[in-house]
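**Q** The lines below spell out each chain.
Number of protein chains: 4
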Amino acid sequence: MSIMDLGMTERLKPIHDKVARMVREEIMPLDGEFLAEVGRDGDRWSYTARQTEILEGLKAKARERGLWNFWLTESNRGYGLSTVEYAYLAEEMGKAHLGAETFNCSAPDTGNMEVLERYGSEDHKRTWLAPLLEGRIRSAYLMTEPDVASSDATNIAMSCERDGADYVLNGEKWWSSGAGDPRCAIYVVMVKTAEDGPKHQRHSMILVPADTPGIIKLRAMHVYGEDDAPHGHLHLKFENVRVPAENLLLGEGRGFEIAQGRLGPGRIHHCMRAIGQAEMALEQMCRRSMRREAFGKPLAQLGANYDIIAECRMEIEMARLLCLKAAWMMDRGDPRAAAPWISQIKVVAPRVALKVTDEAIQMFGGQGISQDTPLARSWTHLRTLRLADGPDAVHRRQVARVELKKYTQEKV
Amino acid sequence: MSIMDLGMTERLKPIHDKVARMVREEIMPLDGEFLAEVGRDGDRWSYTARQTEILEGLKAKARERGLWNFWLTESNRGYGLSTVEYAYLAEEMGKAHLGAETFNCSAPDTGNMEVLERYGSEDHKRTWLAPLLEGRIRSAYLMTEPDVASSDATNIAMSCERDGADYVLNGEKWWSSGAGDPRCAIYVVMVKTAEDGPKHQRHSMILVPADTPGIIKLRAMHVYGEDDAPHGHLHLKFENVRVPAENLLLGEGRGFEIAQGRLGPGRIHHCMRAIGQAEMALEQMCRRSMRREAFGKPLAQLGANYDIIAECRMEIEMARLLCLKAAWMMDRGDPRAAAPWISQIKVVAPRVALKVTDEAIQMFGGQGISQDTPLARSWTHLRTLRLADGPDAVHRRQVARVELKKYTQEKV
Amino acid sequence: MSIMDLGMTERLKPIHDKVARMVREEIMPLDGEFLAEVGRDGDRWSYTARQTEILEGLKAKARERGLWNFWLTESNRGYGLSTVEYAYLAEEMGKAHLGAETFNCSAPDTGNMEVLERYGSEDHKRTWLAPLLEGRIRSAYLMTEPDVASSDATNIAMSCERDGADYVLNGEKWWSSGAGDPRCAIYVVMVKTAEDGPKHQRHSMILVPADTPGIIKLRAMHVYGEDDAPHGHLHLKFENVRVPAENLLLGEGRGFEIAQGRLGPGRIHHCMRAIGQAEMALEQMCRRSMRREAFGKPLAQLGANYDIIAECRMEIEMARLLCLKAAWMMDRGDPRAAAPWISQIKVVAPRVALKVTDEAIQMFGGQGISQDTPLARSWTHLRTLRLADGPDAVHRRQVARVELKKYTQEKV
Amino acid sequence: MSIMDLGMTERLKPIHDKVARMVREEIMPLDGEFLAEVGRDGDRWSYTARQTEILEGLKAKARERGLWNFWLTESNRGYGLSTVEYAYLAEEMGKAHLGAETFNCSAPDTGNMEVLERYGSEDHKRTWLAPLLEGRIRSAYLMTEPDVASSDATNIAMSCERDGADYVLNGEKWWSSGAGDPRCAIYVVMVKTAEDGPKHQRHSMILVPADTPGIIKLRAMHVYGEDDAPHGHLHLKFENVRVPAENLLLGEGRGFEIAQGRLGPGRIHHCMRAIGQAEMALEQMCRRSMRREAFGKPLAQLGANYDIIAECRMEIEMARLLCLKAAWMMDRGDPRAAAPWISQIKVVAPRVALKVTDEAIQMFGGQGISQDTPLARSWTHLRTLRLADGPDAVHRRQVARVELKKYTQEKV
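If you read the protein sequences in the order shown, they are chains A, B, C and D.
Its first residue numbered 1, the first sequence is counted upward by one per residue in full-length UniProt numbering.
Its first residue numbered 1, the second sequence is counted upward by one per residue in full-length UniProt numbering.
Its first residue numbered 1, the third sequence is counted upward by one per residue in full-length UniProt numbering.
Its first residue numbered 1, the fourth sequence is counted upward by one per residue in full-length UniProt numbering.
Simulated from the structure, these hints should not be mistaken for laboratory data.
Be careful, since some hints might not be right.
Identical chains blur together in the list; that is why a pair holds if it fits in one copy or across any two.
[Said to hold, decoys possible] In silico lysine-lysine, DSSO-like type, Cα no more than 27 Å apart, as pairs:
1) Lys199 x Lys297
2) Lys355 x Lys406
3) Lys125 x Lys59
4) Lys192 x Lys217
5) Lys405 x Lys59
6) Lys13 x Lys406
7) Lys297 x Lys192
8) Lys18 x Lys59
9) Lys405 x Lys13
My request is simple: use the sequences and hints to build the entire structure.
**A** Below you can see the structure in the form of structure tokens.
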């Protein structure tokens, strides 16, 4: 059927209302306190008692209300939401720092859970998927490496050699987001298992428990001076890290196959959360522009502020519609056809959200760049999205290649 | 029901295919010849025999195939297409110079026909609507005046005074598009009928036959040096132009009421045709970039051309989705709710189409700015859309006002 | 000495004042009438008596006042102005349509005169340079061809074969600006004289009188619908066009050597005239914004207009300073060092002038795109500058290459 | 004389060379270590022994070489450099984190020292100016307040009431940059001394020693998550802070008079350091683009990177020239005439530097946003400049007002 319904479905409406209300009324008001607690007891890499209380309290409430694991699309265990439907929820979750985690819908866990569900053994599912689904542990996805251009993932170099019943891993990973979290128990790791053969069949995906000997936490990467503790983006070194051979998923050389399936929905989620961040920023900007006065007038009435607000509104609407279209393409079941749409939103959504957030920051003046609003933190997070999962340039290249192929079958 | 279907419906698909194919295969190939004929027989303001042959030939074919008057939405005489459905057709029509007229869907006729259908007397319908519906005559819409800021339509000043059984009109109008066409038989004219009273109730809409004595064609306005003959954008003077009192539509003081109903759909049509122009330009750009070589490589592979192509693709997709959303809002039957969406696309669609067309022109080099491609003409037409029916600034202002009102009931 | 004086010198000041005043008070007021005369007597490709009266009247006045041939830098016959000094005059001339020609400083004549002075024989100088210096004839520069990418000038293909005491030319040229002018008597033509050898030594420059048999004027190229008659940008065909061998300048294979020397100053002049056009547009925009009212206020006080005006002012200042710096580099006598600066302004100056002019057009509404202000015509002329003498992309490439070479001697 | 020399003077050349070399060879290599030391001994708000060693070592070397207090323009104690000359040095200092402080040319000390020199008593000069000139103490400038729009400085509200021989201050200040530094000994504070009278004569400037009782350090403001310890941007509370009446500079109500004189040169210095940051970022970007490979090629050769590099080069050149022009205007001795030029660069220089730095970050991928390059820190610092000393919108407004006044004497 050819209906391209980008609207909110009837069944989604009540769920969406509950999620939106919980984000606004219960999560947002606690975000600031949660963040201010970081490091209060002397260790930035653990949670304070109050942080645990806040986070687990929110999670318990959400779970109780059945607002949990929405990302389980097409699953008989979940809501079976379509990607379009999930997108609307992701937007709401994006508005609060603890939004996604409250509903057990955080990156990189959702992607990792999907990988475990599709490619994990029964044992993997019992040991890692079950507690992840219950929000008792967290996970990390180890892809990027310090010495190679991440824009071309075939450069990934962490070695993974078979040794009897085990694989032995050596190398470095960085930007391992979430690996700083004391609850992070399992890593899904992209490794190189062959030096030869077709370029996209040399890599594999393997499960590595976080407490495996030989894993050294070198340091936390900063994002514009922010370490995002205790979540963190760690730089890790693997020295002869040994795991059972059955931890290798799907088979040697099938790393990219898994990664592709994993990244598509993840990018849509990221983008829709970015739209949520943009909406939050625009709301803040509007409220501020009416509340704050200068030269005897509310800021809204000064200079180009009407135009700025209008441009932000228009750009958000367009970016959201494009995300929903990409989600709809994903729902049609042909990932190859959906790919260029996902590349498009990967470029567009962070850009729009960054712009809107930057304008909001400017409207707030000194307060905007400070810890007093969520805007500066939101901006730095959004800025990482122009690099994570492929920099803009790579996605633009993909879009252009698809465009040109319409007119020729030759590769250009 | 809350389905927001922005896709092509089943019933539209075959119609769309026919229209798209006719535009590409039959209309586009004749555009160049048609335009080159202008003034060939010494008079730019009449059609040459060959022009008539081309145009009437295309119209006859379209009508024969039932591809006619699609704009008659919700009408039992037409297809009863929704605005969303019509939007998809408008996009195709926008790709060729003679696209809209071939299917009797040209501006300003469609808007004028809607006005006649809704507010005209039986006599008006017989005399003007019937031949318009059959494509035998054309019409013009006289709004803008040389001496007042058109951004604020309450400035409109053409006087219209009752004198016995008649109204007598005096004043000037310009940018009367289509008034140069020898087939243009009827003008729908916005006039001022009261000096006092509420600002939006001082104006009226009145029908003036083009051959009424006292109408002086002062000159043709140029658009970047192009007079668009024989269609033309005329500067007219009305000196004691007398028409029967019954030509005044709906009643004195109701001009804005009529104008509002007329402009919404018209703006959507303009915007979707602009999307069509953008698609055409992008296609030209891609083909050129693969065909033309410099420094031993196709242009596509040089410099930032991949990025330019990708950005154009992304901007078109977003603008189209926004137009479809605005059309969908219009279809929901609440023009007040649809208004800010129409303001949004009015700003966005011409901007995107101008940008894409300008990039295509740059890819073509000297040829791009010349008469050898449709790009330069397309650009100048698109540029007028940033001014027609309200300049960008006015629409941005509307969008911002709606945005701020979400947070306060006070006017800011 | 290392003084980088970008200001107006003492000796220039009085000359500048006279030129600026003459442009504003005597030339500008006649521009409109001059342009409206085009084709009035039925032939767009000749001058009407009134046009001749206007143009020759202005030239006579300028010459009488000694305001003539300023471009003769470093010459004992001219003012001996530096390029920086000339740049200030070019800015003023750019403000009026007849500005440059009034002072015998038009393109392409200035460049052609320099070529004749440097490389012409005594006979060439007597026959062509002398009347050009006196403003009695005009000239054209034939470079671009329809079938090859002009961004890579080594593609130029017009053949030029030695046949006894003559050369015989065959091929097509287009965008031959000024070739439509009945006074245009001499063409400077880039031709291909060798099929082999180093890429930049296969071309030559040759003089071809405009009345040589075999030259066919195929048509006038349009610039956004404007043919710029009677100046014109012609598409010419050369069929066995025969000229004496001594018409070939400097020697076979030295075409690029001549072109390089010719283009540098010419690009600076173009850019500074563009700055003049931008200044004129900004002035128009400001005056309009204070004069015109909407919603009960002058436009200046509405929306983002203050910000638009400020941005235009800032961009003009920066672009002018960059042009002056490039001119200063040119004056230092090392064209190789000046080249990347000229590439920079070639990208920047037209871009800024286009932007400012477009904003001015928007401020004028329908009037802005029409024949009622010089803005639309100015815009289309400026748009050609993004293509003429190398498209933006080629100049950006040059700038980047120079930048990267700072860090490596290897070619990247 | 009208020479507008924007180049480097003969006398400046050797000084510039020394400063540039010291920045590149001695300061830059220590920046990373200095920054990594912050908080190493458990207290972010003091300097570690190694930090002191680094900083004082550099200062001692600079002073020994006579590279000290360059900002003392027009002074018989300093170099007597012009603002243009100083600008060239500021650019070099901007390239390293410790650049300005090494040469005792840091903000806000230079501005504060100028204030002390011009308006301080002999006692003030002995107590505060002397050690500042020697680099033994540092200072802060307390202007902005949390509860009022800083874009309109007449909102400043900290009360300062006469009580016998003293003034007593109450209120809050924030973004007091440098107030976190243990060496910061003196605050120059903008206060309100009158509730009535002309708007710009209600405020005064007063000296407050940092250790005066009643000053409470509420917290450090973060800049995108970075606290810039131990320099810091503090939020301070003044509770009955009592200072001798003679600490009030120049007289009650003359605060704005002092502020104006103080801010002009300071803004030029900020802007030229921003240009230095941009140059540093462009250099990093170029080097990275040639060193790093993806898809088998250096990044420089991929996608739009050539164009990005070229655009950055062009924008830097233009912004630098505009800063130099503003500096030259300042040197002419008419601050009123220089003011709009300073407003222009205040908008332009941070914008360009932010853009270039952001592009460099993108070229570095994950490393760019991290602590591994100076880029992310540089970006956040530059971002504050769009707010400090007046947000962009206020400066644009000033530029537009001056522009419009050219055409009317009436205020618009």
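**Q** All the hints need checking, so say for each whether the structure fits it.
**A** Tested hints:
In this assembly of identical chains, Lys199 and Lys297 lie within 27 Å of each other by CA distance solely across copies; the values are 16 Å between and 62 Å within a copy. Taking identical chains as interchangeable, the C-alpha atoms of Lys355 and Lys406 lie at most 27 Å apart only when they sit on different chains, with a minimum of 21 Å there against 32 Å within one chain. Within a single copy, Lys125 and Lys59 get their C-alpha atoms as close as 22 Å, which meets the 27 Å cut-off; across copies the closest is 61 Å, which misses it. Taking the shortest Cα distances, Lys192 and Lys217 sit within 27 Å of each other inside one copy (21 Å), while across copies they are farther apart (53 Å).
Proximity of Lys405 to Lys59 under the C-alpha cut-off of 27 Å is found in neither arrangement, the shortest distances being 47 Å within a copy and 34 Å between copies. Taking CA atoms no more than 27 Å apart as the test, Lys13 paired with Lys406 passes between copies only; the shortest distance there is 21 Å, against 38 Å inside one copy. In this homomeric assembly, Lys297 and Lys192 come within 27 Å of each other (Cα to Cα) only across copies, at 21 Å, whereas the closest approach inside a single copy is 62 Å. Only within a single protomer do Lys18 and Lys59 lie at most 27 Å apart by alpha-carbon distance; the minimum there is 14 Å, versus 55 Å between protomers.
Taking CA atoms no more than 27 Å apart as the test, Lys405 paired with Lys13 passes between copies only; the shortest distance there is 24 Å, against 40 Å inside one copy.
In this structure, only the earlier hint numbered 5 is contradicted, and the remaining ones agree with it.
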